[in-house]
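Chemist: Residue numbers (the numbering used here), protein chains in the order written: chain L, 15 to 235; chain V, 616 to 768.
Simulated from the structure, these hints should not be mistaken for lab results.
Be aware that one or more of the hints could be misleading.
[To be verified] Only some residues are given here: those of chain V computed to face chain L with a beta carbon under 10 Å:
hint, residue
1, I639
2, P709
3, K736
[Unchecked claim] For lysine-lysine, the following DSS-like pairs were computed, each having C-alpha atoms within a straight-line distance of at most 25 Å:
hint, chain 1, residue 1, chain 2, residue 2
4, V, K634, L, K128
5, L, K123, V, K634
6, V, K634, L, K207
[Stated by the list, open to error] Here are the simulated distance ranges between beta carbons:
hint, chain 1, residue 1, chain 2, residue 2, range
7, V, G682, L, G167, 39 to 49 Å
8, V, R731, L, V146, 30 to 40 Å
9, V, E637, L, K92, 26 to 36 Å
10, V, E674, L, G40, 12 to 22 Å
11, V, R731, L, H80, 55 to 65 Å
12, L, G181, V, G699, 49 to 59 Å
13, L, G40, V, A725, 19 to 29 Å
14, L, R164, V, K679, 32 to 42 Å
15, L, K83, V, P709, 48 to 58 Å
16, V, A725, L, K161, 54 to 64 Å
17, L, G154, V, T688, 47 to 57 Å
18, L, G189, V, R731, 51 to 61 Å
Backbone N, C-alpha and C fix where the C-beta goes; we use that ideal spot for every residue, glycine too.
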Amino acid sequence: MTIPARTRPEILGKKLGMTQIFNADGDAIPVTVIELGENIVTDIKTPVKNGYAAIQLGTNIKKEKHLNKPKMGNLKKKNLPMFGYLKEYRVKPEELDAHKIGEQIDLSKILTPKELVDVTGMSIGKGFQGMVKLYNKQRGPKSHGSKSYRQPGSIGAHTYPGRVLPGKKMPSRMGNEKVTARNLKVIEFNKEKNVVLVKGAVPGVEGGMLTIRPSIKKWNV
Amino acid sequence: MLKSNTAFNRFRDSQMHLKIKEIISNNLKKDIPNVRVGDTVKVTVRIKEGAKERSQNYEGVIIKIKGSSINKTFTVRRIFQGIGVERVFFLHSPKIEKITVLRSGKSRRAKLYYLRERVGKSTKLKEIISSSQGVGSFPKEVIPEEGKLVEIT
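With the hints as extra help, turn the sequences into a complete structure.
Modeler: As structure tokens, then:
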């Protein structure tokens, strides 16, 4: 089955934390526990009305006072719970008919054990960092009169070009950006407790929102 | 099941999400003997060789217990053909068939790393005299004022 990467189905969840479990052979496997969201269709974007085909999912139900008025009004109009987190993903236009507002996405299709998934989240913010931590640059010597312990070094030539080239790597803020962990194996999908265990680490803090998609590699086979 | 003994482990446990606790509770064994640092134990380990499965005994002194809950491990040290061997086991691992406490040694510290520098007789730990409660309980002590044998638990 070939589905373009842009139209992969998505599932929203929340990172609970990491632990380990034992598999059938008795080996300890490091897993991340992801709590799955409500995953209810909140909006359908059509090519006629919006210029593209997409499905919007909602999760993370909040109190009414914690939502802003445009968001609240939109959800109230459709008679939906107060979702604090909305995210949409593209689908093929012909697939739109299969969905309707208020329905819950079937999770078991994607989250079958041994399947591979990609998990996207916002990485933990590290603050303003230097070149050594940020870009794995080599540090300067510690002794022999050297003072360039963790300096960035030269940032360009002299008269020609007479300027610093655009895109030069400099010390800057690190982390707090969108990161995808690819090809994580689904170890267990617990429908009762509404959690999924994937092997290995996923980006972000505990309690951070995550997007789970079938991995590209597997999906394009 | 053993309780987490250090303040750090207690902190980790309290921070753990309830749903994670529920999930790993199926992976935790309930019939684990009360092993302590200094105990001489026999660990029966399941070994897979192709399709066959057999069990093997490993005997030695516990020199370290680390971690909490499902991450809890213990290190067993023994001298094998003149060379010190240390094996780390997960306490809750399904690969462990049985843990038998053979002797309870008296130790005044939590990690017995000093045994690595010792050879021969000096590696032996003083044994805790087993009472009616079985191996592993504390020794009986005499309290002078009353002159009676009192069990300290």
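Chemist: Each hint needs a verdict: does it hold in this structure or not?
Modeler: Hint check:
Nearest Cβ of chain L to the Cβ of V/I639: about 6 Å, under the 10 Å cut. The hint holds. Because the closest C-beta pair between V/P709 and chain L is about 4 Å apart, less than 10 Å, the hint holds. Interface hint at V/K736: violated, since its Cβ lies 37 Å from the closest Cβ of chain L, which is beyond the 10 Å cut-off. Restraint check: the Cα-Cα separation between V/K634 and L/K128 comes to about 22 Å, which is no more than 25 Å; the hinted pair holds.
Taking the CA atoms of L/K123 and V/K634, the gap is near 23 Å; set against the 25 Å cutoff, the hint holds. Our distance criterion of 25 Å between C-alpha atoms is met by V/K634 and L/K207, whose separation comes to about 8 Å. Judged by the Cβ atoms, the range 39 to 49 Å given for V/G682 and L/G167 holds: they are separated by roughly 43 Å. Between V/R731 and L/V146, the C-beta spacing of about 36 Å keeps the proposed range 30 to 40 Å intact.
For V/E637 and L/K92, the Cβ-Cβ distance of about 34 Å falls inside the hinted range of 26 to 36 Å, so the restraint holds. One distance hint, 12 to 22 Å for the beta-carbon pair V/E674 and L/G40, holds here, with the actual separation near 20 Å. As the Cβ distance of V/R731 to L/H80 is approximately 57 Å, the hint placing it in 55 to 65 Å holds. The hint said 49 to 59 Å for the Cβ distance between L/G181 and V/G699, and at roughly 55 Å that hint holds.
Separation of L/G40 from V/A725 is about 27 Å and conforms to the stated range, judged on CB atoms against 19 to 29 Å. For L/R164 and V/K679, the hinted distance range of 32 to 42 Å is satisfied, since their beta carbons lie about 36 Å from each other. Taking 48 to 58 Å as the suggested C-beta distance range, the pair L/K83 and V/P709 conforms, at roughly 54 Å. About 44 Å separates the C-beta atoms of V/A725 and L/K161, a value inconsistent with the hinted range of 54 to 64 Å.
Distance hint check for L/G154 and V/T688: the Cβ-Cβ separation is about 41 Å, which falls outside the suggested range of 47 to 57 Å. Checked against the hint of 51 to 61 Å, the C-beta distance between L/G189 and V/R731 comes to roughly 40 Å, which is inconsistent with it.
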